[in-house]
Amino acid sequence: MTGRFPGTSNSYPPKIQDTKGPMMSRSPSARSRPRSVLKLAAATIGAALALTACASTSTKTTSAQSDFKQAAQDTSSAITVWADSTRLPSVQAYQKAHPDVKMNIVTYDGSADGSTYLQTKVQLFDRTNKGWPDVVFGSPTDVTWASEPTSPSAQAYAAPLDQGLVPQTTLSNFAKGSLTPCQFNGHTYCLRNDIAQVVLWYNKALMDKWGYQVPTTWQEYQALGQKVAKEHPGYLVGAVGDTNSQESYFWSSQCPAQELTGNTTLRVNLSSPNCTRMASLLDSLISAKSVSTQGFFSQGFTKSYGSKVLMAYGPSWYGQYLFNAAFKTPAGQIAAAPPLKWDGESSTYTGNVGGGVWMVSSHSKNLSAATALTEWLTTSDANLKSAPTYPAYVPGAKTWLDNPANKDYFAAPISDAFQQAANDVWTGWGNTKFSDATAWSSVVLPALSAGKTLTSTLPAWQSAIVNEAKSVGYTVTTQ
Amino acid sequence: MSALSSSSDRLARRAAMRSRSSRLASGLVVVLFLAVLLIFFVLPAIWLLLAPTKTAGQLVSQFPLSFGSFANLGRAWSHLASFQGGVLFLWLRNSVVYSAGSLVLTLATSVPAGYALALTRFRGRKLLLSVTLIVMIMPNASLVLPIFLELNRFGLIGTIWSVILPFSFYPFGVYLVYIYFATSMPRDILSAARIDGANEWQVFRRIALPLARPVIGLVAFFSFVGNWNNFFLPYLVLPSSNEFPIQVGLNQLLSSTPSFNPVAGAGLDITSPELALAIVIAILPVLVMFLFSQRALVSGMLAGSTKE
Amino acid sequence: MTTVERVGAAGAVPAEQVRRRGVPRRRSLAGYAFVSGYTVLLMAFGVLPTLYAIDLAFTNASGQFVGLGQFTKVVRDFRFGPSFMHILLYLAMWLVLVVVLTVVVAVILRSRVSARTSGVFRFLFYIPGALAGVASVLVWLFMLDPAVSPVSWLLRALGFSTFAQVLAPQNLPAIFVLIAFWTGAGGWIVVMYGALNNISDEVMEAARVDGASPWKTAWYIQIPMIRKWIVYMAILAFAAGTQLFVEPQLLQTASLGRVDPTWSPNQLAYVFAFQHGDFNGAAAISIFLLTLGLMCAGILVTRSGLFKVEEQ
Numbered sequence: 000m001t002g003r004f005p006g007t008s009n010s011y012p013p014k015i016q017d018t019k020g021p022m023m024s025r026s027p028s029a030r031s032r033p034r035s036v037l038k039l040a041a042a043t044i045g046a047a048l049a050l051t052a053c054a055s056t057s058t059k060t061t062s063a064q065s066d067f068k069q070a071a072q073d074t075s076s077a078i079t080v081w082a083d084s085t086r087l088p089s090v091q092a093y094q095k096a097h098p099d100v101k102m103n104i105v106t107y108d109g110s111a112d113g114s115t116y117l118q119t120k121v122q123l124f125d126r127t128n129k130g131w132p133d134v135v136f137g138s139p140t141d142v143t144w145a146s147e148p149t150s151p152s153a154q155a156y157a158a159p160l161d162q163g164l165v166p167q168t169t170l171s172n173f174a175k176g177s178l179t180p181c182q183f184n185g186h187t188y189c190l191r192n193d194i195a196q197v198v199l200w201y202n203k204a205l206m207d208k209w210g211y212q213v214p215t216t217w218q219e220y221q222a223l224g225q226k227v228a229k230e231h232p233g234y235l236v237g238a239v240g241d242t243n244s245q246e247s248y249f250w251s252s253q254c255p256a257q258e259l260t261g262n263t264t265l266r267v268n269l270s271s272p273n274c275t276r277m278a279s280l281l282d283s284l285i286s287a288k289s290v291s292t293q294g295f296f297s298q299g300f301t302k303s304y305g306s307k308v309l310m311a312y313g314p315s316w317y318g319q320y321l322f323n324a325a326f327k328t329p330a331g332q333i334a335a336a337p338p339l340k341w342d343g344e345s346s347t348y349t350g351n352v353g354g355g356v357w358m359v360s361s362h363s364k365n366l367s368a369a370t371a372l373t374e375w376l377t378t379s380d381a382n383l384k385s386a387p388t389y390p391a392y393v394p395g396a397k398t399w400l401d402n403p404a405n406k407d408y409f410a411a412p413i414s415d416a417f418q419q420a421a422n423d424v425w426t427g428w429g430n431t432k433f434s435d436a437t438a439w440s441s442v443v444l445p446a447l448s449a450g451k452t453l454t455s456t457l458p459a460w461q462s463a464i465v466n467e468a469k470s471v472g473y474t475v476t477t478q
Numbered sequence: 000m001s002a003l004s005s006s007s008d009r010l011a012r013r014a015a016m017r018s019r020s021s022r023l024a025s026g027l028v029v030v031l032f033l034a035v036l037l038i039f040f041v042l043p044a045i046w047l048l049l050a051p052t053k054t055a056g057q058l059v060s061q062f063p064l065s066f067g068s069f070a071n072l073g074r075a076w077s078h079l080a081s082f083q084g085g086v087l088f089l090w091l092r093n094s095v096v097y098s099a100g101s102l103v104l105t106l107a108t109s110v111p112a113g114y115a116l117a118l119t120r121f122r123g124r125k126l127l128l129s130v131t132l133i134v135m136i137m138p139n140a141s142l143v144l145p146i147f148l149e150l151n152r153f154g155l156i157g158t159i160w161s162v163i164l165p166f167s168f169y170p171f172g173v174y175l176v177y178i179y180f181a182t183s184m185p186r187d188i189l190s191a192a193r194i195d196g197a198n199e200w201q202v203f204r205r206i207a208l209p210l211a212r213p214v215i216g217l218v219a220f221f222s223f224v225g226n227w228n229n230f231f232l233p234y235l236v237l238p239s240s241n242e243f244p245i246q247v248g249l250n251q252l253l254s255s256t257p258s259f260n261p262v263a264g265a266g267l268d269i270t271s272p273e274l275a276l277a278i279v280i281a282i283l284p285v286l287v288m289f290l291f292s293q294r295a296l297v298s299g300m301l302a303g304s305t306k307e
Numbered sequence: 000m001t002t003v004e005r006v007g008a009a010g011a012v013p014a015e016q017v018r019r020r021g022v023p024r025r026r027s028l029a030g031y032a033f034v035s036g037y038t039v040l041l042m043a044f045g046v047l048p049t050l051y052a053i054d055l056a057f058t059n060a061s062g063q064f065v066g067l068g069q070f071t072k073v074v075r076d077f078r079f080g081p082s083f084m085h086i087l088l089y090l091a092m093w094l095v096l097v098v099v100l101t102v103v104v105a106v107i108l109r110s111r112v113s114a115r116t117s118g119v120f121r122f123l124f125y126i127p128g129a130l131a132g133v134a135s136v137l138v139w140l141f142m143l144d145p146a147v148s149p150v151s152w153l154l155r156a157l158g159f160s161t162f163a164q165v166l167a168p169q170n171l172p173a174i175f176v177l178i179a180f181w182t183g184a185g186g187w188i189v190v191m192y193g194a195l196n197n198i199s200d201e202v203m204e205a206a207r208v209d210g211a212s213p214w215k216t217a218w219y220i221q222i223p224m225i226r227k228w229i230v231y232m233a234i235l236a237f238a239a240g241t242q243l244f245v246e247p248q249l250l251q252t253a254s255l256g257r258v259d260p261t262w263s264p265n266q267l268a269y270v271f272a273f274q275h276g277d278f279n280g281a282a283a284i285s286i287f288l289l290t291l292g293l294m295c296a297g298i299l300v301t302r303s304g305l306f307k308v309e310e311q
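Chains as they are written, first to last, in numbering that gives the first Met the number 0: chain A, 0 to 478; chain B, 0 to 307; chain C, 0 to 311.
These aren't lab readings, by the way, just hints derived from the structure by calculation.
Wrong hints could be hidden among the right ones.
Stated by the list, open to error - Only pairs whose alpha carbons sit at most 30 angstroms apart, straight line, appear in this in silico DSS-like list of lysine-lysine: (1) K302/A <-> K397/A; (2) K469/A <-> K340/A; (3) K397/A <-> K384/A; (4) K384/A <-> K327/A; (5) K125/B <-> K72/C; (6) K227/C <-> K469/A.
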């Protein structure tokens, strides 16, 4: 809200101009033998070896600016929107309802599964100084870098929406804590699309048929898993093979896999009892074969197990997305129960799987159109009523829950489970600059596929997280 | 004597039999070996051609090498054509622009250069040739990142020139032309033309160029195919979807396909058959060129060194 | 494609018989004019990027000289060692396979099969070359998925029942070798065949008269006579193999992250440049790769005798 400063970044000469070009004036010497080219290269390296380093390899980046310089605005200019294919129909619906807004809609992977597509492209746009999408759907991880300049000469990609773009009243209507991944340095850089609070999904028809009680604690869950393995082999109470399974299980278990203890300090301690208890619980069910090491979303899962999922511990969007769309489970079978508790703990915590965000480009030439679209997507009843996932905007969530289309599919009301879970999300799983999907899916999942236990993979998982965290600048403790 | 000869006869016969049976065995090994290789090389291509005729479900449930139906093919086509407002056609057009644009520049620079390297003498010729050889042998991917950094330095990222210009640098083409002129250009004709008063440009334009038609075709083929299939450079330097060539577009299509990206891809019509169809469309121009220029290809790869 | 293309050049040895002296000045000037366009491109996209990468690799983001700082930084990076290990493993498998199989196939096609059949086979083997790049990876994604593969029985027999199992980290080098072989081997077979074809009929006839079996002829006569070509192929295949990027990058996208995003050194350089925005570190890695390529090229050009830049 303060005056607009040009920004401290100007005191740093832009990187590009700093590279002097001695090499550009150097013409190729008139040596005729190619071997002398090699000699030259060897000599160059040798000479460099002899010299000692006289500067640091990394230069300090300026701290994130909260203010941004708007581009010259043109309210009639077209806006470019990047959305994943799930959100595509919503954007197209907006276009239909607002034919006067010129829109250029692009489908991309939506930063799912730890994809860095958006980040790498914004890096490039920052260098070409054009091409940024005006509105983009991304993951909370994206906000960690989008709220900071990618280089000293660049401006942070995401526009601070609380600075005259989105009214404070709107912002305060988002579910408690749901905007936390959007907030940096006291500003809000994105609007949350949905909350993906983890609940216990179960097939009510089967549970009733077999006379099983819906578990309320992890211990009961484990016992039921063992029972199912014996009484109905082939049926599953869960799966850990997806890129985000760790968020369903380990996040819910309050495992300090990536606990932000400061802006740039991270606690990673997978030997904590909170992690090992979940690992050994899952190991026991994996060896009993009632938890699959394949992912719910892996190819072929629907074909071989789609009708054999008794329970699934996962995000609120599993209902429509997994059971209805992917498994094609008939309506009236699936229900959701509140998150599980650990015996002996007073309160319940759960995880969160995804929950996308919408960002507006700080470089947009049509901020008003871009912001209007973003608000419509995240707060309007028109869109949220039939949104594919549980809205983060509280009034929208009510509308969503009231919409029969979102309830009719289920065997029992889901509102209570959803609302309770939304308040139980553990806040210790930090929104870090790196995606938690990478280490999990490239280190843990292959080990599980190879038949190793989760417990024995924890150290490798930990070192993968630590390495990744350090490479993006975190100070890591493993205590 | 007779006993001896008969025993040696027997020996010889046995040896002949053994050699015949071993020849039979080795023949069998050869046939088997070639058959396995043939399957390895051809089967994936056949599967690819058949895949778009099936639905995603049939792809999993039906016999892999069965034909689905033309209706499925049509459906896959309409899904693909409507993906992101027909961006597929834009990608194909971009590919044509990038490949053809750089082809023109490649020919305009490499043919005269190869000619001059072979048939004229100037200071620095040997150096130029040596550097050309080295850059030609170096894998071109090793220069992509440095080229990106350089283009970035000059602010060319995201323009069509950031693809066309690096593409048109084609040392292999220069070397092909050089070899061609150096080995198969009758010098007497050139000298005769010079004596007749033709200047250097006229000698090149009227005499050398018409004779170089085969090698020009060859350079054009290799350059076009190489650039059409290039992924790394455009992937780095072109940030926006509307600028992608088809190869980079395929990557975007892949990441939008529910089969490979289920979390992001639900609710989209692009599934495995559509992806397979996109691959077929993407390689079609190159495949057609392969089929029709087989002879040129083989001779080009051997650059006149064989007796074929 | 690149490996295939480049091969061709090697065979020819220009037999120039040009007057060495008395080149008119006019023609020398014309020579400069003819090479000018190409020279500009060579400088711009061959020489200059190399020098610029070297410059970046020895400086930091503010342009200050840092000596070998960038190199030690990237070497110490936790992803550096694994990515080079991956590529070495891949190269070892790839080289053995491509050298052994292409030579064997070429020998068979040359001496055990009729010329007509051999031509058909060479063409069929070469066809996948048209699918180089992205297309080949996508095709193999399907081939290696037990759910859709036409050879799923084979995959299952090998103990793979899910795509995830196929993509186990220890299988990745083999998968990339498969893809590389599928698209590249056909071209090399054609080249090896051409080289074998160059062995004079007298030599082959003499071997036959001496009663040498086809295998013995191959081992003692044909293969030694094309040794130069085999070395040439091995070096080019090695150089190209160090640059692996498209295959692991696409597989990473398609495998839901089960493949390490920095599997190959080129991917690591990519991550440095595009995720960390660290162009200097990226340049340092690409200098490592450039040096490898340069060394291979230097050895081939100066030692193999396959290229001639001087008049004879």
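Taking the earlier hints as the rules, which of them does this structure contradict? 1, 2, 5 and 6
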